[in-house]
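Chains as they are written, first to last, in the numbering used here: chain A, 1 to 605; chain B, 1001 to 1605.
If you're looking for bench data, these hints aren't it; they were derived computationally from the structure. Please read these numbers as outputs of a predicted model, since none were measured by experiment. C-beta atoms are modelled at their ideal positions from N, C-alpha and C, and glycine is treated no differently. Hints are supplied without guarantee of correctness; some may be wrong.
Restricting the straight-line Cα-Cα distance to at most 25 Å, the calculated cross-link-like pairs of lysine-lysine (PhoX-like) are [stated by the list, open to error]:
hint	chain 1	residue 1	chain 2	residue 2
1	B	K1603	A	K549
2	B	K1228	B	K1330
3	B	K1228	A	K603
4	A	K228	B	K1228
5	B	K1016	A	K321
6	A	K333	B	K1228
7	B	K1588	A	K330
8	B	K1603	A	K324
9	A	K603	B	K1333
With the Cβ distance kept under 10 Å, some of the chain A side facing chain B (calculated, not the full set) [as the list claims (entries may be wrong)]:
hint	residue
10	R13
11	E253
12	T281
13	E284
14	T425
15	E431
16	D453
17	R457
18	L459
19	Q461
20	A518
21	A524
22	Y561
23	A572
24	F601
Here is what each chain is made of, one letter per residue.
Protein chains: 2
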Amino acid sequence: MGTGNNYYKADLRDYKFLFFEQFQLDTLLGQGELEDWGKEEVETVLDGLYQWSCDVLGPLNGSGDRQGCRIENGRVITPDGFAKAWKEVYKNGWRELGVPPEHGGQGGPYSLYVATDEIQSGANTSFAMYPGLSEGVLNVVLKFGTEEQIKKYAKPLISGKASGTMCLTEPNAGSDVGSNRTKAEKIEGTKYKITGTKIFISAGDNDFTDNVFHLVLARTAEAPVGTKGLSLFMVPRLNEDGSDNDVAVGSIEHKMGINASATCVVNFGEGGNCVGELVGTEEEKGIRQMFLMMNHARIGVGTQSLSVASSAYFNALEYAKERKQGASIKNWKDPAAPRVPIIEHPDVRRMLLSMKSRVDGLRSLLVKLTTHTDHYEFGQLDDAQKAYHKGQVDLLVPLVKAWGSDEAFDICSTAIQVFGGAGYTQDYPVEQYCRDAKIMAIYEGTNHIQALDLVGRKLGQKGGANFQAYMKDFGAFIAANKDNETFASELAELQKAQQAVGGCAMQFLGWFQSGEMALVPLSANRFLKMFAETTVGWLLLEGAVIAQKGIDAGTGDKDFYEGRIASARFFAHNILPTVANSADILRKADRSCLEISDAAFGKVS
Amino acid sequence: MGTGNNYYKADLRDYKFLFFEQFQLDTLLGQGELEDWGKEEVETVLDGLYQWSCDVLGPLNGSGDRQGCRIENGRVITPDGFAKAWKEVYKNGWRELGVPPEHGGQGGPYSLYVATDEIQSGANTSFAMYPGLSEGVLNVVLKFGTEEQIKKYAKPLISGKASGTMCLTEPNAGSDVGSNRTKAEKIEGTKYKITGTKIFISAGDNDFTDNVFHLVLARTAEAPVGTKGLSLFMVPRLNEDGSDNDVAVGSIEHKMGINASATCVVNFGEGGNCVGELVGTEEEKGIRQMFLMMNHARIGVGTQSLSVASSAYFNALEYAKERKQGASIKNWKDPAAPRVPIIEHPDVRRMLLSMKSRVDGLRSLLVKLTTHTDHYEFGQLDDAQKAYHKGQVDLLVPLVKAWGSDEAFDICSTAIQVFGGAGYTQDYPVEQYCRDAKIMAIYEGTNHIQALDLVGRKLGQKGGANFQAYMKDFGAFIAANKDNETFASELAELQKAQQAVGGCAMQFLGWFQSGEMALVPLSANRFLKMFAETTVGWLLLEGAVIAQKGIDAGTGDKDFYEGRIASARFFAHNILPTVANSADILRKADRSCLEISDAAFGKVS
């Protein structure tokens, strides 16, 4: 145990396409805070990290899954090789992109940061959660911590001396964060006594950092009920003098996947002596502070989803090129015809292109989101422009998280199908990808929570301004391509889908106004899917138009461009036509599941 | 290890509804070969087996998964408790339904046999594969064996002294059965020397029977290439004198699921001394003989799929009734509103009813199939009537296997979603159901092989007579209900779907005739799904009409009937409207995946 084969496979060309051809990240590089960053620097990071991830993280992915985590003497023992890999991550500076320069980091574009997250997560999803969560905690500390807190907590997180976790969930407070019961009693100043049990704490402990910084949502005695009464506390495993704080890992979960990420029960204050520090100086700001981390984590889950889906695709593709089985359909009547690689079979090609189009689509969606972030963070913009970019990010977060994770699970399952029986065995990585992917639809806000966020908050945000701006951008693309004959049929499908999405958005408004509140959550998931698919259809077609120009100009890379065009065509003709159909179903709003009595759902014999 | 909780949950009421209200199995009972069978006998078997399965098989399901199988001294060691359970199965006579009375069995209706298969498989999928495969071997022996072979092999299989396996797959012959290379050289009479390696042999060995009867597809020296040159051999692990035959279990696979079912590599004749016996007296009849077992196994996989999907549904349902989280949507603005069981949330109800409608639908599809078999086997019919029933079975087998297994995987995944994070842990059975279910889309002919069977063989079988008879029955149901106002909107959806299916069947004919052969496999899976959904929509509505009559007549069981009606309505309004949409996509036949070059699929960096 401890090392095995690397199965991680990616095509970095796609990032280079998205960054520099489609989303024009280069317009932001070489100036202002990104003065030191050019195309070459971005590519160097991607290439170097990919190589390192394949060398170090990839070989630990399967072995980590088989070995899992365990508890010894009150601490989590991670799989063989993880501690060494952790040290290398920080020594090599692979997480410095997430750290501002004033704290010694590289402070590069967010788009690049997320790309590096995909690479680390694709090579080893479980491993990448440890530094990923630490970085989320770092962000909160840097943004909301006092100067003294930053001094105390940021450095160990940046150097990898400490790790971090986010502690929201309790036995009775999962999706319902507002039901949190963990108690905080003021001792003095920013010091509080913390008492409570948190569950499902990802990367909750490890054997490579002495200290673990837990960010804990808790409630002070006088605080109101619900999320508004929550405060956020930093609760380190070790006190400042190095003694043990009253924080104990109770147990770890045995799970379907991400087995090398320790999912912990963490008990705070069992002995009545757990000391935490209020983040910042004000109580009852916890949910807003935690949201920074949750947003980071939601984009992170979309990135994770992409990472396994993409590697599942490339593994399936390589297998399909090598594995011979059956004769070509052209020789279907001749039992003696030569056997061919299965990529020649139409159904295998269909599966592969359905995977590829969604992988390309999800990465496009993610880079659209991160580019908006980069414009917001690094662009020379007025307030209105800033608000526009911020609004687009808000709108896209639930899509990236929920559509991404649902599709990733399906893509990984399709990868198993391409492999056939071999894919069901642990001889190949795809069954693990599938098991790992399932949690992504659940944690950091279930996909229904994402859908509620979309229809209940994001659509109507700022009086609908973000959605309107989105629709305007969308319309501009369609208008700009109205004479495009190469993609005329695809653009027609896109326009139909866009109209369907617009109609459904109005339908939600109608339900809100008429008080038919139950129809909103009932239809929220369906709408999120339609909205995401339509957006992906748009971005893939935008990419295809660019790719076609590349082919026409003879600028090389014809295979890549052709693949991008095929993704767009496949998606336009196989996925987009379902959107208007979904809109019909949504608007008719079948109420059967609301009307059925609980008893009629059935009775166990 | 060895025992745990029973999580198996079923509602036997549904079988009683399907048998005696919808498909009128009782018209066949109490006469002819079913003289000793009445409603009461059928119910007694179901109730008794369910109780026993919950007591004995259910508690071994989780522990069997965790423990898995291993090889010791050349034999497979199954998980704790399996050997004891095997003995009880045969002592209690739970497999006697699959045995004709002349061989000491109970010879009951096939519908009941399949129902008992669901129960055993639902309680413990991996375990049920051992007796299930044995029974498949028994069927082949009884149907194709010589009198002497029946004498030799049937009794140990019936008593549970021996188990059986089906050995088709080889390293280079999976979906492509015709590429089988295992060699058979005649020694004398029916005795042959067998040499070759078979892989993915389910229930390939065990530690509860001394002898294992392997049914092996192999090729004699002069035989033609392809499936037509294959012969079938009985290759026992032990020779008649009790000495070891030259049969060795090489290794077992480490898999995503069904871990307690030993998936073996079996080597025949490594020492040059493996003796097999030709089944029957003629060579090159192997594929036809094996097809009996494959048909049995395909229906078995549909049954397995139903079994885990159904138990996943009931586990999710019970959890949803118990687990409190969040406030009712009616109080969405009040953070202090009381917490409610999650079954009150619209999205949870949507998930549950989407699961229930498909579970009800798959069971209806299966009982339709088995009722046709029962009419064929036990009805007093002329040849034309027999052919009709046989034809409907042929048509339905690929639907039950492929649609069943695809939906089962999705239903189990949805069950995890209902549980949230808890469902991802091994504290509940749903993650195992999901892992177990994935193989069902692959083995016994991948779901694409099923789709090819449907469009390439079954649609056109007997000049299309089977499909036409199906459409006639379908049309008769619609005609009989043309004035039904209660389900008018649902019937309208059904009719639209039926027309779409009919249109697509003609489209396939067109592609065959115009030589656009690649479009057939390209669209086969899509068509199978449409066809299955439309059939399920029909059967659910037929059930709903009966349930409504039951409610109107006040014949009790109102909850059950209401649930059946809700299933039909949900399916009609959420699934059936996608069928015509799929038909549009199918007919437009997007060729992007055929046109893309292999290189354009992408290149790993």
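Results for each hint:
Of the pairs offered as hints, the one joining K1603 of chain B and K549 of chain A holds, with about 21 Å between alpha carbons and a cut-off of 25 Å not exceeded. Distance restraint check for K1228 of chain B and K1330 of chain B: the Cα-Cα separation of roughly 66 Å exceeds the 25 Å cut-off, and the hinted pair is therefore not satisfied. Distance hint between K1228 of chain B and K603 of chain A is unfulfilled; the C-alpha atoms sit about 50 Å from each other, more than 25 Å. Distance restraint check for K228 of chain A and K1228 of chain B: the Cα-Cα separation of roughly 73 Å exceeds the 25 Å cut-off, and the hinted pair is therefore not satisfied.
For the proposed pair K1016 of chain B and K321 of chain A, the alpha carbon gap of about 50 Å is over 25 Å, so the pair is violated. At roughly 13 Å between alpha-carbon atoms, K333 of chain A and K1228 of chain B fall within 25 Å of each other, so this suggested pair holds. For the hint pairing K1588 of chain B with K330 of chain A, the CA-to-CA distance comes to about 21 Å; that is within 25 Å, so the pair holds. Using a Cα cut-off of 25 Å, the hinted pair K1603 of chain B and K324 of chain A holds, with the two alpha carbons roughly 20 Å apart.
Only pairs whose Cα atoms come within 25 Å are accepted, and K603 of chain A paired with K1333 of chain B is rejected, the gap being roughly 33 Å. Evaluation of the R13 of chain A hint against chain B yields a held restraint, the C-beta minimum of about 7 Å falling below 10 Å. Annotation: E253 of chain A was flagged as interfacial toward chain B, and the flag holds, the nearest CB pair being 5 Å apart, inside 10 Å. Residue-level restraint check for T281 of chain A is violated (minimum Cβ-Cβ distance to chain B is 25 Å; threshold 10 Å).
Interface restraint check for E284 of chain A: the shortest CB-CB distance to chain B comes to about 13 Å, outside 10 Å, so the restraint is violated. At its closest, the beta carbon of T425 of chain A sits 5 Å from a beta carbon of chain B; the interface hint therefore holds under the 10 Å criterion. Because the closest C-beta pair between E431 of chain A and chain B is about 4 Å apart, less than 10 Å, the hint holds. Look at D453 of chain A: its Cβ only gets to about 13 Å from chain B, farther than 10 Å, so that hint breaks.
At about 12 Å, the closest approach between the beta carbon of R457 of chain A and any beta carbon in chain B exceeds 10 Å, and the interface hint on this residue is violated. The beta carbon of L459 of chain A comes no nearer than 16 Å to any beta carbon in chain B, farther than 10 Å, and the hint placing it at the interface is violated. Nearest Cβ of chain B to the Cβ of Q461 of chain A: about 18 Å, over the 10 Å cut. The hint is violated. Contact between A518 of chain A and chain B, as hinted, is supported at the beta carbon level, the nearest pair being about 5 Å apart and thus within 10 Å.
Using the Cβ-Cβ criterion of 10 Å, the hint placing A524 of chain A at the interface with chain B is satisfied: the shortest such distance is roughly 7 Å. A hinted interface residue such as Y561 of chain A counts as satisfied when its beta carbon comes closer than 10 Å to some beta carbon of chain B; here the least separation is about 8 Å, so the hint holds. Look at A572 of chain A: its Cβ gets to within about 8 Å of chain B, closer than 10 Å, so that hint holds up. A distance limit of 10 Å between C-beta atoms decides the matter here; for F601 of chain A the minimum to chain B is near 5 Å, and the interface restraint holds.
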